[in-house]
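**Student:** Given next are the chains, with one letter for each unit.
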Amino acid sequence: MSESTTTTPLLEVRDLRVSFKSRAGTVNAVDGVSFSVGAGETLGIVGESGSGKSVSMLAVLGLIDNPNCVIEGEALFKGRDLLTMGDDELRAIRGADIAMIFQDPMTALTPVYTAGWHISEQIRAHEKVSKKAALDRAVQLLTAVGIPNAAERVNSYPHEFSGGMRQRVVIAMALSCQPSLLIADEPTTALDVTIQAQILELLKSLQGEFGSSIILITHDMGVVSQMSDRVNVMYGGRLAEAGPRRDVLRNPLHPYTWGLMASIPPTDGSRVARLSAIPGAPISPGDPDRDHCLFSPRCTFASDACRPQPALVEHSQAHFDACVLPFEQRPELRRQMTAVEEVAP
Amino acid sequence: MWRFAGKRALAAVLVLFAISVLVFLIFFATPGSDPAARIAGRNASQETLDQVRASFGFDRPIWIQYGLMMRHLFIDRDLTSFVNRGAQVIPQVTQAIPVTLSLVFGAALIWVLLALVMGVWATAARGTAIDPIILILGVIGVSLPVFWLGEVVNLITQSRLHDSIFAWVPPLGYVPLSDGVGPWALHLLFPWLTLAVLYAGIYARVLRSEMVQSMNEDYVRMARAKGIGETRVLLRHSLRTSLISVVTLFGLDFGALIGGAALLTEVVFGLQGVGKLTYDSLTNFDLPVILACVLYASFFVVFANFLVDLLYAWLDPRVRSV
Amino acid sequence: MTTLDSERTQVTSTPTAGPWRTAWRDLRRNKVAMGSLVVLVLVILVCIAAPLYASAIAHTDAFTSNVNGTITINGQTISVLETSSEGLGLGVNPIGPTWTNQYFLGADNQGRDVAARILYGGRNSLVIGFTSALLCCFLAGIVGIVSGFFGKGVDAVLSRGLDVLWAFPVYLLAICLSIVLINSTIAVGPVRLTSGSLWLPILIIGIIYVPYVARPVRGQVISLREREFVQAAIGSGAPDLRLLRREILPNVLPTLIVFLPLMTAINMLTEAALSFLSIGVQPPDASWGTIVNDGVGLLYTRPWVAIAPGIMLAITAVALNLLGDGVRESLDPKAKLRGAA
Chain A
1 MSESTTTTPL
11 LEVRDLRVSF
21 KSRAGTVNAV
31 DGVSFSVGAG
41 ETLGIVGESG
51 SGKSVSMLAV
61 LGLIDNPNCV
71 IEGEALFKGR
81 DLLTMGDDEL
91 RAIRGADIAM
101 IFQDPMTALT
111 PVYTAGWHIS
121 EQIRAHEKVS
131 KKAALDRAVQ
141 LLTAVGIPNA
151 AERVNSYPHE
161 FSGGMRQRVV
171 IAMALSCQPS
181 LLIADEPTTA
191 LDVTIQAQIL
201 ELLKSLQGEF
211 GSSIILITHD
221 MGVVSQMSDR
231 VNVMYGGRLA
241 EAGPRRDVLR
251 NPLHPYTWGL
261 MASIPPTDGS
271 RVARLSAIPG
281 APISPGDPDR
291 DHCLFSPRCT
301 FASDACRPQP
311 ALVEHSQAHF
321 DACVLPFEQR
331 PELRRQMTAV
341 EEVAP
Chain B
1001 MWRFAGKRAL
1011 AAVLVLFAIS
1021 VLVFLIFFAT
1031 PGSDPAARIA
1041 GRNASQETLD
1051 QVRASFGFDR
1061 PIWIQYGLMM
1071 RHLFIDRDLT
1081 SFVNRGAQVI
1091 PQVTQAIPVT
1101 LSLVFGAALI
1111 WVLLALVMGV
1121 WATAARGTAI
1131 DPIILILGVI
1141 GVSLPVFWLG
1151 EVVNLITQSR
1161 LHDSIFAWVP
1171 PLGYVPLSDG
1181 VGPWALHLLF
1191 PWLTLAVLYA
1201 GIYARVLRSE
1211 MVQSMNEDYV
1221 RMARAKGIGE
1231 TRVLLRHSLR
1241 TSLISVVTLF
1251 GLDFGALIGG
1261 AALLTEVVFG
1271 LQGVGKLTYD
1281 SLTNFDLPVI
1291 LACVLYASFF
1301 VVFANFLVDL
1311 LYAWLDPRVR
1321 SV
Chain C
2001 MTTLDSERTQ
2011 VTSTPTAGPW
2021 RTAWRDLRRN
2031 KVAMGSLVVL
2041 VLVILVCIAA
2051 PLYASAIAHT
2061 DAFTSNVNGT
2071 ITINGQTISV
2081 LETSSEGLGL
2091 GVNPIGPTWT
2101 NQYFLGADNQ
2111 GRDVAARILY
2121 GGRNSLVIGF
2131 TSALLCCFLA
2141 GIVGIVSGFF
2151 GKGVDAVLSR
2161 GLDVLWAFPV
2171 YLLAICLSIV
2181 LINSTIAVGP
2191 VRLTSGSLWL
2201 PILIIGIIYV
2211 PYVARPVRGQ
2221 VISLREREFV
2231 QAAIGSGAPD
2241 LRLLRREILP
2251 NVLPTLIVFL
2261 PLMTAINMLT
2271 EAALSFLSIG
2281 VQPPDASWGT
2291 IVNDGVGLLY
2301 TRPWVAIAPG
2311 IMLAITAVAL
2321 NLLGDGVRES
2331 LDPKAKLRGA
2341 A
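Protein chains in written order, with my numbering: chain A, 1 to 345; chain B, 1001 to 1322; chain C, 2001 to 2341.
Treat each hint with caution, since some may be false.
[Unchecked claim] Which stretches of chain B does chain A cover? Using the computed rule of at least three CB atoms under 8 Å from a CB of chain A, they are:
1. 1224–1230
2. 1237–1250
3. 1292–1298
Just so you know, these hints were derived from the structure itself, not from any lab.
For every residue, glycine included, the Cβ atom is placed at its ideal position computed from N, Cα and C.
Next comes chain A alone, as it looks inside the complex (with noise of 0.2 Å):
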């Protein structure tokens, strides 16, 4: 909840409910999930796959193509409801004011048009320019995401680029608009790790240059802890955790949490002997028992009270967590979880 937040908030997600009916029962993909997004701010949802990181976003921006889908709860961008918006209210937002982009660049651009195609595409669908003009600000684009020989480049079909390439250009179709939020879906999962630092570092500066909000879903820590403002740790489809980025990363609450930070591999050059995994397997959606804590199954600290579903608490400014385990306790309880997760064979 953003009570902490004085100004409105550019997102705000209400209790987002996001359902599959299938043969096999309903899954719930997105279970009671509220956060919102300032302006300027760049918001890090982490997750497992599964956690619904991807899919709140999808159906925020009414992407998702399936007759079987339920969509609930309230989605206000800059006040106004998505989630009830008519199909041509929300076009026009979509590529204009909220941008997405996805996680592999290569099958992202339809392989027939050019790079320049693309971006003028996006250009014209939102803005009465001529062609020429929409081409030229897809170079103007291209140099800005840092693409050399952009004027060439812009003739150059998506095969025709390396994988961190592709990606700067489907950024810079992204911001084309100059959109308010760019919501980015694990933006460097398919690429090397020396270029993601590229891509982020990259996300970072464009932000800063066109001073949209960020929200950045990732399954990855590391990637979280390099340029979130305010991080959002997902699980089950339900918030486990959400805070500003210092305070999660410095004093988790969460038992998820903790497992998750035990398996980044450690940059200050300590060696481990074996990086820790978390325990089972990720919660199947398809479970209609989901009146308790969905992380407790792996839990080590499991315990009756993680039944029915723990409340999300905010522990000090702004940092929430939903664990029912006694707060001070935490810091010993990690510690105890990692020291375990050592000794064990």
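Model the placement of chains B and C on the given structure of chain A, informed by the hints.
**Tutor:** Quick look at chains B and C alone, frame taken from chain A:
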């Protein structure tokens, strides 16, 4: 791009050569009867038989026979049909070509339009009741034997309803373009429609299948995320990418049809095209004409294959860099 | 993965059925495919019952000319065949459809009961269509697997061969082969095929479509070969044959099964075309194609002779196509994957 074309051209020539050998072997090397008698026709005199034997070298080794046959066909161009009282073979084929071309071009135009409309509509309407209806129409189109459909069309337009609704339908046969576009088109209308039904069914299904698959691709999701309208996504992104495989399929079928694959339609509607020529030569066992027709047809199939390879590279930029 | 407290570990796994069972279950749910299957079975049963129909219901011999025959309707005796100068000029006017048990669809130009002939003809059409499809898939499977798995020289030779075979316009090849073989007898070793044998069209049609099926199979085998689990098996020194049997074959088999209904439909229509041109099934045998051919001369006067077999062909082909679509949806793993995402 040129090296690509050159390699394909060479392959095409080799394949043609192989086909000519294959045809030759089929007709002249199968055990069971005398090739000279085959060429000379059923009731040839001994004199004719000897003449044929000498001319084609049936007492010589088989590759010389092949060489002589090819020489008669291509160089001397004096291959005559013994059954048809010495009529030259090659002019028969060249005279039949415009008829087949008229039939195929017209039918192709119709079926392409039909398939586009059906395929795009079925994709846009997927999930609703329209989609399976269009699909079933396509399946029916594919399942109707084309010769039977032609006969039924004739039955209706020439006989049963000829005095009422279809009085304007001319009798079966072909009228050249030089006699006026109206009569030419009128005579070809029902052949066009009959042939188009089959191919429209095939292409509508293929197009729909490709397009529906592409609608699940990332680039379609990206296009929607860009704020592009659904119609534009359908046509500019989904259709354009799906066209690649459909167009190449089309090239192959078109080539085969020009080569005479529409023989059943021509026979049923009395059009003296290459297909009908092939059919007549078969029923008369007129070997020289059969040979010429088969080679002509194969040439077009191979040529179409070659063009299609080039076309594919032009349509799909990814292939060019290979 | 280590767990401290195994009781707390929740293992969520539903018992998964084998791929064949899953496919069958999916197919059963597909109403269109099931409906088509029912239609097919009906058609097959009815055609199998041809002798029963001919003797018990129509009281006729479908193959003997009955030019001078007569039948009794409503007490009146009518001759089956009359001379006439109408129609497309064959000079006879057989009796039209009586819609009773005898000459239900009328007679053809030799006075034979068309309905009975259609049932007998259906047997041949179905047998030729299905057997040639089986043969085609079998051969294509072998060629595709050998070509894709062993690669290099073997692949080069086989692929060129397939290219040449396929470059020959399919119908023309069938026609050429039929013309040549129909009038002669083939004796290869102990096998002797006379000109009227049904095996001739079966063999011809089966062979000409081999490239159509072999190419996708070959492509699939090649991509299977490149996949990790096969590489691993090769690395572990598993001999070729076992690899083929355990890894390649189970994956290729569904592809071939998907092709089977489709090829049956295509082959039936091809056989009908060949028979229509008098170079398929030879008299005294009949098939739906030959009956249409018989009906052409009577088209304007007794159209049912030509129309009825075409309708049977269309119904059977539609059912086969729809069934084939259903089979493909159930067996194609790609389709499943998309649904799960």
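**Student:** Mind taking a look at whether chain A covers the region 1224–1230 of chain B? Criterion is 3 or more residues with CB to CB distance under 8 Å.
**Tutor:** With 6 residues in contact (Cβ-Cβ under 8 Å with chain A), the coverage given for the region 1224–1230 of chain B holds.
**Student:** Closer than 8 Å Cβ to Cβ for three or more residues is the test here. Does the region 1237–1250 of chain B pass it with chain A?
**Tutor:** With 4 residues in contact (Cβ-Cβ under 8 Å with chain A), the coverage given for the region 1237–1250 of chain B holds.
**Student:** Counting residues of the region 1292–1298 of chain B that have a beta-carbon nearer than 8 Å to any beta-carbon of chain A, does the count reach 3?
**Tutor:** violated (count 0)
In summary, the one numbered hint that this structure violates is 3.
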